[in-house]
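**Student:** Just so you know, the sequence shown maps onto residues 15 to 282 in our numbering.
I should point out that these hints are in silico values taken from the structure, not numbers from a laboratory.
Where hints are given, some of them may not hold.
Stated by the list, open to error - Just the calculated beta-carbon pair ranges, DEER-fashion:
(1) Glu241 with Lys121: 52 to 62 Å
(2) Arg107 with Pro66: 17 to 27 Å
(3) Ile76 with Thr39: 17 to 27 Å
Unchecked claim - Below 25 Å or equal to it, Euclidean Cα-Cα: the simulated SDA-like pairs (lysine to any residue) are:
(4) Lys119 with Thr175
(5) Lys228 with Val86
(6) Lys121 with Asp46
(7) Lys88 with Arg107
(8) Lys228 with Leu252
(9) Lys119 with Trp89
(10) Lys88 with Ala123
(11) Lys121 with Thr52
(12) Lys121 with Pro142
(13) Lys228 with Gln140
(14) Lys88 with Leu40
(15) Lys160 with Met144
(16) Lys228 with Asp91
(17) Lys228 with Thr175
(18) Lys48 with Phe111
(19) Lys121 with Arg107
(20) Lys48 with Val86
(21) Lys88 with Lys121
(22) Lys121 with Asn72
(23) Lys119 with Glu43
(24) Lys160 with Gly216
(25) Lys88 with Leu120
(26) Lys121 with Thr133
(27) Lys88 with Asp16
(28) Lys48 with Asp73
(29) Lys160 with Val86
(30) Lys160 with Asp16
(31) Lys160 with Gln256
(32) Lys228 with Ala246
(33) Lys121 with Lys228
The beta carbon of each residue, even a glycine, is placed where N, CA and C say it ideally should be.
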Amino acid sequence: MDRPWVVVAFGGWNDAGSAATQAATLIAEYSDAKIWRTIDGEIFHDFRQTRPAITVMNDIEIVNWPRTAIRVGKWHDQPIVVVDGPEPSLRWRTYCFRLLRLLRKLKPAGIVVLGAMATDVAHTRQLPIMVSAADPLLISQLGAEKLEYDGPTGIPFVLVTQARHYGMNAVGLWVGVPQYACESPCPPAAQALLVRIEELTGIAVPQGGLEEDKREWTAAINEAVAEHPELAEYISALETEQDAALSEGLTGDVLAVEFQSYLRHRGH
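Can you make the complete structure from the sequences, with help from the hints?
**Tutor:** Next up, the structure:
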């Protein structure tokens, strides 16, 4: 209990529907996490891609440069560390080495790196969680799929592999976000990540606000679908495909995990 879990999320290409960063932000808020260290973005960002922001108020100009924030908080008696910021665009190996060197000072129990990818899933079904973990039993306990992927990658997967290389316990959690609704915030995707984080670390975040956001998000998509018959047909095909996976048992595991989380949170 005295060793913190680390939750990491990067904005950008790896964060469809802002699901990963939203989940990390909620954890930081509920654990009252404060900045412990930062990694300056000067050598890790191309500022033409990740531009700084400027605030002008009362004749004062402030430039907010991209950076990585490492925040330390506590959930009841459980310490937790939240790492967030825009995805670095340069020198990934150096960046991972620097970040992991800082995290090692905190003697973490484990590192959970979050990601969200746009994929062919229906918003009317449970959003799938894919796991990159060295222990196959862990994947089964989380009611998730083993991540199988061949193609371009981002910093979350690189960080997971580098952490394992240095002998650290690292797990990658990826949520599938409906491809037709991946640009706007996706509350059910953030919720799906929070459920698996709770199963993995024991750290629970009240989800009442997310439930309300989820209802509004679903209503907005259903309204759009009603006006586009071709989209409704596409979603129906996705539902058929996902329902077929249910008979194989994997999605049943996911539903069990989701229901157990609902029972734990219904009083919040």
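**Student:** Next step is simple, just say for each hint if it's right about the structure.
**Tutor:** Hint check:
1. Hint check: Glu241 to Lys121, Cβ distance near 54 Å, so the stated range 52 to 62 Å holds.
2. Checked against the given bound of 17 to 27 Å, the beta carbons of Arg107 and Pro66, roughly 24 Å apart, stay inside it.
3. Distance hint for Ile76 and Thr39: a CB-CB separation of about 21 Å, consistent with the stated range 17 to 27 Å.
4. Our distance criterion of 25 Å between C-alpha atoms is met by Lys119 and Thr175, whose separation comes to about 19 Å.
5. This hinted pair does not check out: Lys228 and Val86 have alpha carbons roughly 28 Å apart, beyond 25 Å.
6. Of the pairs offered as hints, the one joining Lys121 and Asp46 holds, with about 20 Å between alpha carbons and a cut-off of 25 Å not exceeded.
7. A C-alpha spacing of about 30 Å is found between Lys88 and Arg107, which places the hinted pair above 25 Å, so the restraint is violated.
8. Our distance criterion of 25 Å between C-alpha atoms is met by Lys228 and Leu252, whose separation comes to about 20 Å.
9. As the CA atoms of Lys119 and Trp89 are separated by approximately 20 Å, the hinted pair is consistent with the 25 Å bound.
10. This hinted pair checks out: Lys88 and Ala123 have alpha carbons roughly 14 Å apart, not beyond 25 Å.
11. Between Lys121 and Thr52 the CA atoms are separated by roughly 18 Å; this keeps the pair inside 25 Å, and the hint holds.
12. A distance of roughly 31 Å separates the Cα atoms of Lys121 and Pro142; the hinted pair therefore is violated under the 25 Å criterion.
13. For the hint linking Lys228 to Gln140, the alpha-carbon distance of about 12 Å falls within 25 Å, and the restraint holds.
14. Taking the CA atoms of Lys88 and Leu40, the gap is about 13 Å. The hint holds against a cut of 25 Å.
15. Restraint check for Lys160 and Met144: the C-alpha separation of about 6 Å stays at or below 25 Å, so the hint holds.
16. Note on Lys228 and Asp91: the hinted pairing is violated, with a Cα-Cα distance of about 30 Å set against a maximum of 25 Å.
17. Restraint check: the Cα-Cα separation between Lys228 and Thr175 comes to about 33 Å, which exceeds 25 Å; the hinted pair is violated.
18. Taken as a hint, the Lys48 and Phe111 pair is honoured in the structure, with Cα atoms around 23 Å apart against an allowance of 25 Å.
19. Under the criterion of a C-alpha separation no larger than 25 Å, the hint pairing Lys121 with Arg107 is consistent with the structure, at around 21 Å.
20. Of the supplied pair hints, the one linking Lys48 and Val86 holds, its CA atoms being roughly 5 Å apart against a limit of 25 Å.
21. With a C-alpha separation of about 15 Å, the suggested pair Lys88 and Lys121 falls inside the 25 Å cut-off, and the hint holds.
22. With a CA separation close to 44 Å, the supplied pair Lys121 and Asn72 exceeds the 25 Å bound.
23. The suggested pairing of Lys119 with Glu43 holds, with an alpha-carbon distance near 23 Å, which does not exceed 25 Å.
24. Of the supplied pair hints, the one linking Lys160 and Gly216 holds, its CA atoms being roughly 21 Å apart against a limit of 25 Å.
25. Note on Lys88 and Leu120: the hinted pairing holds, with a Cα-Cα distance of about 13 Å set against a maximum of 25 Å.
26. Under the criterion of a C-alpha separation no larger than 25 Å, the hint pairing Lys121 with Thr133 is inconsistent with the structure, at around 35 Å.
27. Distance check on the hinted pair: Lys88 and Asp16 sit about 10 Å apart at the alpha-carbon level, within 25 Å; holds.
28. Taking the CA atoms of Lys48 and Asp73, the gap is about 29 Å. The hint is violated against a cut of 25 Å.
29. The straight-line distance between the Cα atoms of Lys160 and Val86 is roughly 30 Å, outside the 25 Å bound, and the hint therefore fails.
30. Restraint check for Lys160 and Asp16: the C-alpha separation of about 30 Å exceeds 25 Å, so the hint is violated.
31. At roughly 16 Å between alpha-carbon atoms, Lys160 and Gln256 fall within 25 Å of each other, so this suggested pair holds.
32. For a cut-off of 25 Å, the pair hint linking Lys228 to Ala246 stands: about 19 Å separates their Cα positions.
33. Taking the CA atoms of Lys121 and Lys228, the gap is near 36 Å; set against the 25 Å cutoff, the hint is violated.
In this structure, the hints that do not hold are numbers 5, 7, 12, 16, 17, 22, 26, 28, 29, 30, 33, in rising order.
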